[in-house]
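From just these sequences and the hints, can you work out the full model?
Taking the UniProt record's numbering as reference, the numbering of the sequence shown is continuous, increasing by one, and the terminal residue is 471.
Treat the hints as calculated values from the structure; they're not laboratory data.
Pairwise CB distance ranges (calculated):
no.	residue 1	residue 2	range
1	T321	P402	33 to 39 Å
2	R457	T321	15 to 21 Å
3	L405	P378	22 to 28 Å
4	V116	V27	44 to 50 Å
5	Q436	V27	55 to 61 Å
These numbers were taken from a predicted model, which means no experiment stands behind them.
Glycine residues also receive a C-beta, built at the ideal position from the N, C-alpha and C atoms.
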Amino acid sequence: MTGLIRRFRTLPLRSRLALLVATAVAVAVAAVAVVSWLLTRQQLYEELNTTLRNSRASDTLVEQAYEACAENRPASKSSTGFAYTQIVAPDGTRCVAPYSTPVKVRNSDVGVARGVLDSTLHNSVTDDGTPVRVHTTRMLLGPDGPAVAVSVSRPLDEITTALNRLALLLTGLAGVGVLGAGAAGLWVARAGLKPVDRLTEAVEHVARTEDLTMRIPIEGEDEIARLSRSFNSMTAALASSRDRQARLIADAGHELRTPLTSLRTNVELLARSERTGRAIPPEDRSALLDSLRAQTAELASLIGDLQELSRPDAAQGGPLTVVALHEITATALDRARLRGPGLTFTTDIGPWYVRAEPAALERALVNVLDNAVKFSPPGSTVEVRLRNGTLTVRDHGPGIPPEELPHVFERFWRSPSARALPGSGLGLSIVARTVQQAGGEIRLESPGDGGTRAVLRLPGAAVPPPFTAAG
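Set out below in structure tokens:
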């Protein structure tokens, strides 16, 4: 049995489906045939029993059988009537009526003759072995005659012959049904698996050619249509991911080229000075080294930003924990004050606790404040306010034109007016990603009186919950 199951599992899906359909139909046809045969058999027996119960032997036949038994004369066998009639004596002997075939006496027949039973209905056989159905009951011989047990029987050949013919007919029909079921199962398997075949061909095409533009036509709303729709969504997502990856690589190469070119130029100047023996003036050499350090820091920052953006969302930092947003904002403000010593910071920070990754959230706030510091003119004010989960950072710089606001969170996008300033164009992309992972939202606004206002909203509470780890 285990071997058959193992071999069945190795068959192609189409063959397995056809075999299952044929087997199911074969079992159903066989069950219907057997039930039909049994019901027909029962009905025929019921009709024969009813006929025997309603068949009363004629008084003449009974009297002739009684006289033959009394005179010890054998019954006439010149012909056979509709039914076989015989009298059963209490001692088990029998008196066969004329034109009847002797039937073997059973114990129940003797019981009727002795008055123990009123009647009996059973199977028996004639002396030559022919099966018969026997009904034995008591009757009076004339108005004043004795009560005797009379058996009336009919041969079972008329039933068994009909049942045998019916069995042959049902067997033939079952065979035809099984063959038809096999053909129908094969047709159903082929028709039902056509969408699967198309899906398989599409998957093989994508695996062979890496063509993610492949789409499968969707028909209906069944499981195959859902599977096709899921496949199309998957290939579209993969194509979009590959496009973003290619765009990220191209943009990263473009952004890396500028600091690398400057580094190479400065290094070549230093190397030429050492090779030719021409010393660089101390002021120029100091400026050259400062430029190298700035370009190296810019390159390191750009690489860090690229690593941050290259990681999938599920791999960002550690688990989300409940952190004090007001404390992280204060830490980011301390760093911003060091980078903008000539600026004035006004703060209005209230307590607020959010669920986020602490390091990523701090980096996001530092990026927002760095932008405010970078674009603020000397001596201006940067306003920072945190109330009820809304963090607002306002600078008084040149601002962002309205047509550029939709692009500020795109990777490597930089305003034309800001391309001369240091930066990679990735800071706000990282901010938006971190805020979205914390369940919040961020936007930049251009107030009417100039400058830029960054608004971050993060869900949380003014008091810390009793737990700190994400469940």
